[in-house]
Every structure is written in structure tokens, then in C-alpha cells.
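Asker: These protein sequences, in sequence, are chains A and B. Counting in full-length UniProt numbering, the first sequence runs from 1 upward without gaps. Counting in full-length UniProt numbering, the second sequence runs from 1 upward without gaps.
Treat the hints with care, since some could be wrong.
Given that identical chains are not distinguished, each listed pair holds provided it fits within a single copy or across any two copies.
As a list, the in silico EDC-like pairs of lysine to aspartate or glutamate whose alpha-carbon atoms are at most 16 Å apart [claimed, not checked]:
1. 190 - 214
2. 281 - 253
3. 190 - 165
4. 281 - 69
5. 190 - 213
6. 35 - 85
7. 281 - 297
8. 281 - 214
9. 179 - 304
10. 35 - 172
11. 179 - 67
12. 281 - 213
13. 35 - 88
14. 281 - 292
The set of hints was computed from the structure by calculation and includes no laboratory data. Owing to the predicted nature of the structure, the values given are computational and were not obtained by experimental measurement.
2 protein chains.
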Amino acid sequence: MKDIQQPGASNTVAIVGAGLVGAGWAVVYARAGLKVKVFDANPEITRKSIPLIEGQLAGLHRHGLIEEDPATILSRITTASTLAEAVEGVTYVQESVLERVDVKRQLMIDLDAIASPDLIVGSSTSGIPGSAFALGLSLSPRILIVHPVNPPYLVPVVELVPSPETSAATVEFAETLMKAVGQTVVHVRKEVEGFVLNRLQAVLLREAWALVDEGVASCEDIDKTVRDGLGWRWSFMGPFETIDLNAPGGVADYAVRLGPLYQRIAASRQHEQPWDETLIKQVETQRREHLEHGDLESRRAWRDERLMAFAAARRSTHPEG
Amino acid sequence: MKDIQQPGASNTVAIVGAGLVGAGWAVVYARAGLKVKVFDANPEITRKSIPLIEGQLAGLHRHGLIEEDPATILSRITTASTLAEAVEGVTYVQESVLERVDVKRQLMIDLDAIASPDLIVGSSTSGIPGSAFALGLSLSPRILIVHPVNPPYLVPVVELVPSPETSAATVEFAETLMKAVGQTVVHVRKEVEGFVLNRLQAVLLREAWALVDEGVASCEDIDKTVRDGLGWRWSFMGPFETIDLNAPGGVADYAVRLGPLYQRIAASRQHEQPWDETLIKQVETQRREHLEHGDLESRRAWRDERLMAFAAARRSTHPEG
Chain A
1 MKDIQQPGAS
11 NTVAIVGAGL
21 VGAGWAVVYA
31 RAGLKVKVFD
41 ANPEITRKSI
51 PLIEGQLAGL
61 HRHGLIEEDP
71 ATILSRITTA
81 STLAEAVEGV
91 TYVQESVLER
101 VDVKRQLMID
111 LDAIASPDLI
121 VGSSTSGIPG
131 SAFALGLSLS
141 PRILIVHPVN
151 PPYLVPVVEL
161 VPSPETSAAT
171 VEFAETLMKA
181 VGQTVVHVRK
191 EVEGFVLNRL
201 QAVLLREAWA
211 LVDEGVASCE
221 DIDKTVRDGL
231 GWRWSFMGPF
241 ETIDLNAPGG
251 VADYAVRLGP
261 LYQRIAASRQ
271 HEQPWDETLI
281 KQVETQRREH
291 LEHGDLESRR
301 AWRDERLMAF
311 AAARRSTHPE
321 G
Chain B
1 MKDIQQPGAS
11 NTVAIVGAGL
21 VGAGWAVVYA
31 RAGLKVKVFD
41 ANPEITRKSI
51 PLIEGQLAGL
61 HRHGLIEEDP
71 ATILSRITTA
81 STLAEAVEGV
91 TYVQESVLER
101 VDVKRQLMID
111 LDAIASPDLI
121 VGSSTSGIPG
131 SAFALGLSLS
141 PRILIVHPVN
151 PPYLVPVVEL
161 VPSPETSAAT
171 VEFAETLMKA
181 VGQTVVHVRK
191 EVEGFVLNRL
201 QAVLLREAWA
211 LVDEGVASCE
221 DIDKTVRDGL
231 GWRWSFMGPF
241 ETIDLNAPGG
251 VADYAVRLGP
261 LYQRIAASRQ
271 HEQPWDETLI
281 KQVETQRREH
291 LEHGDLESRR
301 AWRDERLMAF
311 AAARRSTHPE
321 G
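Go ahead and model the full structure; you've got the sequences and the hints to work with.
Answerer: Written as C-alpha cells, this is what we have:
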């Protein structure tokens, strides 16, 4: 894309909060042709974001996931020394500051004081609803949640969650922008804890931990069940299309056949108890048998390589997205 | 593999029940070099299984997923006219008959009457525990659940579930056999409804349907959340490795940070209500907007092509399995 499809829009976005998530967002916007200004309240983090972005672009280049030269993309990214400098002349701010209500609220107050009347603000929060930090300001109709998966330049899904004060035009703008930069838009139409993505992850993880707790299966065997079983179809169809194709008459037929079984399974699981110390210790011990603590960091690099290989393979075998 | 690693084992297995699942199993065993005898109580189904298998082998060949000529693999597969003929001289029976307790029980009684003292029987049931149909026979120590995902020649995971009467040697035999033919073994150590795979699927689906019911998100947006988000990491890591890498200190650190959020999310969902007619109708309507009823069949062919492409891509990018 070359410009944001909005009257009066500039082709520059601001990244506020320049840790891992913010740096990943900078790559998303810059590779789509937009100019990006990066700012973090901590100048050291602002400074370090550039080599971080360079590394991410190098990985994308190595896997054939960007067509342009990494240096060309990097040249669209500059740093800013103050919040005012970062948002000056930009149409959109992607906020990825610390995941704390008070920190996000203060940022919104600061932005409210300096924002142009057109500025739209997307928050990367993975779980705090806008109602907790985005209400009661002039800016409020132009704030919404734009929740990515990490890293956003590899995993395309983005949840758009309006607060009760977010305007429809703001949601529409964010949808246009996200599609233009190649992300997949999911609309979360009510503010629920965990939005959609983390709710789905939460219920699966709760069941997984409970199965370990009861001695039904090991962590490793549960991981195998997903990565060599359920995860295959989910990774290109999602759960509804999967079951729609799994009964002769489609999803309604499936619901009649298997709904009662699923109801019994779900009803048999009480979710009230926390993961206690003994269980956490047990899971930790099992994981450390497969991956030592000192190898976590190198395994994260392995994961990012795999995600890039997955993206490259998916692009060639699944071009419709 | 060229023979089953077991004293006195023949290199022939029998497929009993030759529908979609049975035919898929025949491909798994034959491509691994074993001889396969296919039998269904309905001779018409026995007969039709051969062209079905031919089609599956052609797909695997097209995607570079088998090294041998499909005709060579097919030449290892023969049909049998009676159950006695099918199991004569074989060491292992893969049972994939109708998913009904009475049908499975009758088959076990019939097998018990004719089985050699070494015969081991694996049942493909996706949810009926062995205790419901496999107890109290001479054969009982040699019966276990060997539950595949459909189609088993593409999706490698297999759940091994012993009944209380299954011997440890039987589980060990099945594990050796499954690994030898290239499947991924998961041990389910207690008989729980839905085993591991369908329990994980059940809790995720229950949450997904509830989110549609509450108007939080559409079916299509929930599918996007998984296929363009959660499903990416799950398809090569599984849920435990995913969270182990998602907190600086690993899984225990993650549990302390995010456990309470996940507990609140899971506790906020009541699972007691069935999927009622209105909700089923709503989901059906949404799915049919994306895929007309008459296109279900062609979309299933699309799915199988995608699974093969996924398997081929995974083999090249993820050789360690």
C-alpha cells in the first residue's frame, strides 16, 4: 500500500512503546510502504529498536517473505525523541506500552492533549478492554484495541475491539489500514476478557493442564496431539470449517451428532481451581526434561525460524490467505 | 519398515471395517511395506475400498509424499471375503467398524472365537472406551484403542488407550508398530471420555459456539483467529511449548503471570447448556454464507489437497517431525 485510504490521511504512522511488539509493528507498516516513527519513553529502548527491526527484516528476507531490499524498508523507519515529535503529522498511532492500566491511561491522557483532531490510536493490549483506560477523553471515539499476535509481521491475525465510546468510523479506518498492510482482521463486537484469541487459548490450556494434573497424559503427549493432529486442520481452516467438513450434512449435522458428547466433556471439567504450585512444578519439570532452561532463548529463535518457514510454505501452497 | 518387531510376528495386518477410516489405515500400513488384508462385513464396501485406496495413493504420489510407485504399494493390499480369512496369519487387526458399542462388542466376540493366541487388536474408535466393549474375553489383554485422526495417512497422531484389562505388552507392541509405520504416538493413561484429542477440541468448540451465541464474534472471524493466529504455533509446537517460550522464565513463569487470567476466563464460561436449535441454525446460516451446501464435497477434496501440501511443506521445513 502507498497511503492510508482515508481523507486527509498522511502516509506516516507512529509506534509508541518500542519493545518486541512495537518493533514488530514497525516492520508491518514499513514493509507495506508506510513511513514509521518509533518512540519509547525510555530512549535506550527507542535506540535498541532499530537493530531489532534490522534483525527481523533480515529473517524475512532470508525466507523470501519480502520483495524489497531490507535497507529500503528500514529507510522508512525513523526514531523520535518525544511523544509530540512522534505523533506530529501522523494519522495513526500503534500503542504497545507496558501492559498496565495506569500506564495505558496516562498515555491516552498525554495523547489527548497533543493529538490532531484526526488522530486514531490502536492499542496492542492483549487483554485489557478499552473501557479500562480509553473513556472520557476527546480522543475516546478514536481509540480502539488493535491486538496482534507476536510477532505481528509473521502471524497475521489482529483483533479489533471497540470500547463503548469508539466510533464506527474508527473501526472502519482500522479495518482498512490492517487489510492494506496485509493483516487478517477479526472483529470482537463486545468487550470480553481475553477477547477471542486468548479465550480460545485459555479454555484449551485449562483442559490441557487438567489432563496433566489427573495423570491422563504428559505435556509432551498433549503437545503432540495438537501439533501432529488438531493443529494441522486448524492452521488452515479454523474450528468451524473443520467440523463443517467433518459430517456429511455439514455443521448442523455435526452439531446434532457430536454436540451431546462435547457438552458432556465440557460439563465434566470444573474450571474453578487455580494451577497450584504442585501442578506448576510438575509441568515445569516435564518441560525442562524436553528443553533446559538455558536453551529457552535459542528455542525462541528456532520458533521464529519455523514461523517464517511456515509463512513461506503457506504463501506458496495457500495463496488465497 | 519390513516387519513388525515382535517375536513370531507376521508382516501382514488386517483391516476390519473398510470405510474411509479403514481405507486410510490400509494406506498407512501398505506404504510402510506391510501386507494388508482388507475386510468389511458388507462385500460392496470391501470392493469399493480398493479404488478409494488407489485415489489416496495417487494424491500422496502427486504431492511427493511417497517414494514408491503407487502400484507397488497397492500390490501389497488384498481383500478377504470372511473375517476368518482376514485374520488368518496376521499379527495385528485394525478395527474401524461402525461407531456403536454393540457392533464393536460383537466383533470382539467374533474375533475372540477365531484369534490366534498372539493376535493384537487396535480399535479406531474416537470416543468409546475399551471398557465398554473389550472386557471379559480371552482376547481382552490384547485389545486397545488405537485412535487415528482422519485421514490417518496424512495426519500422523494416534492415541493409544488401554482398557483396564489391556496388557502392558499390548501397549508396547502398538507403540512399536505405530512408530514403525510413521505415526506419532500419544499415550492416554486413563479412560476419559473423548480421550485427549477430542477433549481439547471439545473445550475449544464449546467456547467458540458460546462466543457466536453471545454475539462476540462471527464463525468466520473465530476461524480466522485460529487459522491466522493460534493455529500457526500450535501446528508445529503444541500448546505447552508455545507458552513455555512465551514468558522469559518459561512455563512456570507464564503460569504465575497468566494463570489467574486464564482461570477467570474459563470460570466465566458455563458449559451446561446444549447447543440449541436457534444457535445451530445461526451457525449453519453463517457457514452456508461462506460455503453452500452443494459445495461441501468439493471443499473436502480441497481440504485433503491442503493437508497433503501441508504435509509436504512440513516434511521439507520440519524434518525432525
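Asker: Each hint: holds or not?
Answerer: These are the hints, each one checked on the structure:
no.: 1; hint: 190 - 214; verdict: between (35 Å within a copy, 9 Å between copies)
no.: 2; hint: 281 - 253; verdict: between (43 Å within a copy, 11 Å between copies)
no.: 3; hint: 190 - 165; verdict: within (12 Å within a copy, 50 Å between copies)
no.: 4; hint: 281 - 69; verdict: neither (47 Å within a copy, 50 Å between copies)
no.: 5; hint: 190 - 213; verdict: between (33 Å within a copy, 12 Å between copies)
no.: 6; hint: 35 - 85; verdict: within (14 Å within a copy, 73 Å between copies)
no.: 7; hint: 281 - 297; verdict: neither (20 Å within a copy, 47 Å between copies)
no.: 8; hint: 281 - 214; verdict: within (14 Å within a copy, 36 Å between copies)
no.: 9; hint: 179 - 304; verdict: neither (23 Å within a copy, 28 Å between copies)
no.: 10; hint: 35 - 172; verdict: neither (21 Å within a copy, 60 Å between copies)
no.: 11; hint: 179 - 67; verdict: neither (18 Å within a copy, 41 Å between copies)
no.: 12; hint: 281 - 213; verdict: within (11 Å within a copy, 37 Å between copies)
no.: 13; hint: 35 - 88; verdict: within (13 Å within a copy, 73 Å between copies)
no.: 14; hint: 281 - 292; verdict: within (14 Å within a copy, 49 Å between copies)
Of the hints listed earlier, those the structure fails to meet are numbers 4, 7, 9, 10 and 11, in rising order.
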